[in-house]
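A.B. asks: Spelled out from the first residue to the last, the chains are:
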Amino acid sequence: MTDVAEGSATGVDQAQRAADTRGHVPGEASMWFFVIGDLLIFGVYFVGYMYFRGQNHQLFLASQARLNVDIGAINTVVLLTSSLFVALGTAAARAGNIAAGLRGFWIGLAFGAAFPLLKMFEWIPEITAGLTPGTNLFFMYYYVMTGMHLCHVALGLVILCFVIRNLKTSIPPKISFIETGATYWHMVDVLWLVLFALLYLMR
Amino acid sequence: MNTRGQRILLWTAPPAVALFVLAYLVFPVFSPPLSPTLTPDQVAAFFRGNVTGILGVAILCNLIACSLVPLFAVTAVQISRAATSSPVLTYAYVICVGVGTTAFILADYCWGMAAFRPDRDPQLTSLLNDMAWFFFIAPVGTIMVQNLCFALSVYLDDRPDPIFPRWVAHFNVATVALLAPSAFSILYKSGPLAWNGPLSFTLRLTTFAVYIAVMFWALLRAVKQQGDDRVVLA
Amino acid sequence: MAEAPKAPTAPANPATSRCRNRKLDQWIAFWSVPFFFNVFGLVFVPLSWMMPPRSPSSPTPHIVEFMHSHNLLIACLILTLAYGLAPVSNSLYLIQVKRMSVSPAFRYSMMIGAITGAIVGMLFPMFCFGLGAFRPGYSPAVLTMLYDFGYLAFIGSLGCFCVMWMAFGLAIILDENNILPKWLGYYTIWQYVTELMAAPVWIAKSGPFAWNGLMTFWFAMVLYVSWQIIVYVCIFKAIKNQPESELDNAPPQPAPAAVEVPSRAGA
Amino acid sequence: MTSLIRNPLTIVWALLTTVTVASSLIAIDGGASHQINTTVTTVVLLIAAFKAHMVIRHFMEVRHAPVWLKATTSGWVLGLFALLLGFYFAAL
Numbered sequence: 001m002t003d004v005a006e007g008s009a010t011g012v013d014q015a016q017r018a019a020d021t022r023g024h025v026p027g028e029a030s031m032w033f034f035v036i037g038d039l040l041i042f043g044v045y046f047v048g049y050m051y052f053r054g055q056n057h058q059l060f061l062a063s064q065a066r067l068n069v070d071i072g073a074i075n076t077v078v079l080l081t082s083s084l085f086v087a088l089g090t091a092a093a094r095a096g097n098i099a100a101g102l103r104g105f106w107i108g109l110a111f112g113a114a115f116p117l118l119k120m121f122e123w124i125p126e127i128t129a130g131l132t133p134g135t136n137l138f139f140m141y142y143y144v145m146t147g148m149h150l151c152h153v154a155l156g157l158v159i160l161c162f163v164i165r166n167l168k169t170s171i172p173p174k175i176s177f178i179e180t181g182a183t184y185w186h187m188v189d190v191l192w193l194v195l196f197a198l199l200y201l202m203r
Numbered sequence: 001m002n003t004r005g006q007r008i009l010l011w012t013a014p015p016a017v018a019l020f021v022l023a024y025l026v027f028p029v030f031s032p033p034l035s036p037t038l039t040p041d042q043v044a045a046f047f048r049g050n051v052t053g054i055l056g057v058a059i060l061c062n063l064i065a066c067s068l069v070p071l072f073a074v075t076a077v078q079i080s081r082a083a084t085s086s087p088v089l090t091y092a093y094v095i096c097v098g099v100g101t102t103a104f105i106l107a108d109y110c111w112g113m114a115a116f117r118p119d120r121d122p123q124l125t126s127l128l129n130d131m132a133w134f135f136f137i138a139p140v141g142t143i144m145v146q147n148l149c150f151a152l153s154v155y156l157d158d159r160p161d162p163i164f165p166r167w168v169a170h171f172n173v174a175t176v177a178l179l180a181p182s183a184f185s186i187l188y189k190s191g192p193l194a195w196n197g198p199l200s201f202t203l204r205l206t207t208f209a210v211y212i213a214v215m216f217w218a219l220l221r222a223v224k225q226q227g228d229d230r231v232v233l234a
Numbered sequence: 001m002a003e004a005p006k007a008p009t010a011p012a013n014p015a016t017s018r019c020r021n022r023k024l025d026q027w028i029a030f031w032s033v034p035f036f037f038n039v040f041g042l043v044f045v046p047l048s049w050m051m052p053p054r055s056p057s058s059p060t061p062h063i064v065e066f067m068h069s070h071n072l073l074i075a076c077l078i079l080t081l082a083y084g085l086a087p088v089s090n091s092l093y094l095i096q097v098k099r100m101s102v103s104p105a106f107r108y109s110m111m112i113g114a115i116t117g118a119i120v121g122m123l124f125p126m127f128c129f130g131l132g133a134f135r136p137g138y139s140p141a142v143l144t145m146l147y148d149f150g151y152l153a154f155i156g157s158l159g160c161f162c163v164m165w166m167a168f169g170l171a172i173i174l175d176e177n178n179i180l181p182k183w184l185g186y187y188t189i190w191q192y193v194t195e196l197m198a199a200p201v202w203i204a205k206s207g208p209f210a211w212n213g214l215m216t217f218w219f220a221m222v223l224y225v226s227w228q229i230i231v232y233v234c235i236f237k238a239i240k241n242q243p244e245s246e247l248d249n250a251p252p253q254p255a256p257a258a259v260e261v262p263s264r265a266g267a
Numbered sequence: 001m002t003s004l005i006r007n008p009l010t011i012v013w014a015l016l017t018t019v020t021v022a023s024s025l026i027a028i029d030g031g032a033s034h035q036i037n038t039t040v041t042t043v044v045l046l047i048a049a050f051k052a053h054m055v056i057r058h059f060m061e062v063r064h065a066p067v068w069l070k071a072t073t074s075g076w077v078l079g080l081f082a083l084l085l086g087f088y089f090a091a092l
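Same order as they appear, the protein sequences are chains S, D, H and V. Heads up, the first sequence stops at 203 in the working numbering, and the numbers go up one at a time, no gaps. Heads up, the second sequence stops at 234 in the working numbering, and the numbers go up one at a time, no gaps. Heads up, the third sequence stops at 267 in the working numbering, and the numbers go up one at a time, no gaps. Heads up, the fourth sequence stops at 92 in the working numbering, and the numbers go up one at a time, no gaps.
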């Protein structure tokens, strides 16, 4: 993964200051292709959920009542905090403060790792209570969308580990790769914010 | 890198062929081949009456199902020596071998499964028998493409001393034409194209036997000529 | 172990005596792809109406009637003759991955994924449909099982294709020879992630997550078809742009004064 | 530590956390009977849109990005939430 940024890193670094006035694409442009694509794919899922919810409001409301809003809200804050430290770490690394950058990414990784754990505390009681994807359409959406999101979280944690390795081993660190990893992680955050509103909160 | 390994692998083919011939000769389903027009009850009765023979051959074929793979693997190596621009034909050949061999194994499983519990519902025994025949006779698509890939690599090799003589390629194209009719066994329950008919069954198996013999000879010759030439790994 | 074909930098021998197209093998393999996919599409949609998929919850008489339609047999026949071209279309990915600066493990994973995928995703479901039409005497219970088996194996066979596309996407992203564009690698990764979303077809019998559902079939199909077309366009460009000197059958370099092509030197 | 607190990113984070808690409370208060509640839904979705916008702008640093990226991401947020609210109200 670290090799991804190799080619363009130095060039981007030097060009970065000059380009700041016109606007700087954080991370690699090809990664943005992935991020926007992913946002669109999830967008289709969100709109599909809303459409099918409209067909059967009562079923969705009744099923929604069985979710654990507390863990959902805690998870939202956990991801937001993780994103904050990743953003702080990125800014520090860009400013040349490697130690602060590493600290930011480590704390971000720790908060990020708490997300799947909390998810398990949420899912396992639900599954043992008989609420499986086969229960009804709401729970199918619930498990598919949160499951997909969890896959993204897992991939994001792996990417954060590579970013930390990059910060530790390469001097100077490859800023474009760090930004790419951070961008992906924030996208995971954005998707969760929408999921939280759609699955847990709306009435 | 000398060619000893290739020669060893090639010589595993004759004993494998001998075992296949043995399996063919003692397999009750093939003497004569079961007619597709049998009713489920007749099929079930046949399987009840021949449990030992069918299970014995199913077990044997389970063990030797992949034993011709070394011959195909050596063919793939020789294809990759041809003067083509990329290993595309080698890769296609290898994937085709994997798919074709698995189809054969599935056929063997279905026959074994039918004989394992012969007092099963006749409907299911008949279904397993049909499925076995489908997998055994019909899926000629991969071996056709496989032989075409081989033939193409020979045709495209325009060096003055090609690896294979031209007629081997012509022969491979001819086998493609001769194997194609057995795909039609899906459509017919009687006549020459049914799975027990002369075109689908006899012609197909004869062609395959001759093909293996010819390729064995051609590969022996090619490996011998290869000598110390290095092979580029695909 | 990275086997980047170290292309000799000297320009190709201008006196290319043999005027035929050196990449003929790649082009023949490439043009079999549109042929194969068209046959595939024609057989599944207008000939047999296997696709778009019928509902998993359709009443048994409808299933029985569908499984008895003679066109399923003809579809099965055509596919049996043509399915050997699927390995050719897969080997086109493999030759491009071979040119990349990544480990051979990537293309070997893809090769194994292609082998297993062709069996469980194509040959087996095809025969499930064919068998029902072949012998009209089967009981409705058996026919329903074949129907389920056919559709679930066809639409719900995930792992083999996932490993293939994961290896393909990663290879593109990690490659340093720029054989295929980087964004295609990311595109492949999200195509692969969407494929995971087909898992609910094993649970839902109706609605958007059934095997004929809006999410699991239609949405995945739109993504897949556009991805597949773009991949082949990129592969077309990659074959076209491959320099002559990098080919396995590149003309012998004048420098070592080789008398004849020793044995596909150069790669 | 003071630099961390005064950092604009931290202020954004504090804002986001506050609205998260607020939207959870609104939902719990307003939807205890699990009836359709258009006010709660509208507020909650608008808060989510705001949060997504803030994360994209500030954490993803799209604020400093070229116009095409700003337009695409804002277009996604606007389009998505317009569609969500549209489908929600259309089905009432």
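It is possible that part of the hints are untrue.
In silico DMTMM-like cross-links for lysine to aspartate or glutamate, where the CA-CA straight-line distance does not exceed 20 Å [what the hints assert, rightly or not]:
no., chain 1, residue 1, chain 2, residue 2
1, H, K23, D, D41
2, H, K205, H, D148
3, H, K237, H, E176
4, H, K205, H, E195
5, H, K23, D, D157
6, H, K23, H, E246
Rather than coming from a laboratory, the hints here were simulated on the basis of the structure. Here the structure is a predicted model, which means the values were calculated and not measured.
A.B. asks: Would you mind marking each hint as holding or not holding in the structure?
C.D. replies: Now for the hints, and whether the structure bears them out:
1. K23(H) with D41(D): violated (57 Å)
2. K205(H) with D148(H): holds (11 Å)
3. K237(H) with E176(H): holds (17 Å)
4. K205(H) with E195(H): Status holds; Cα separation ~19 Å.
5. K23(H) with D157(D): Holds: K23(H) and D157(D) sit about 12 Å apart, inside 20 Å.
6. K23(H) with E246(H): holds (11 Å)
Violated hint for the displayed structure: number 1, the only one.
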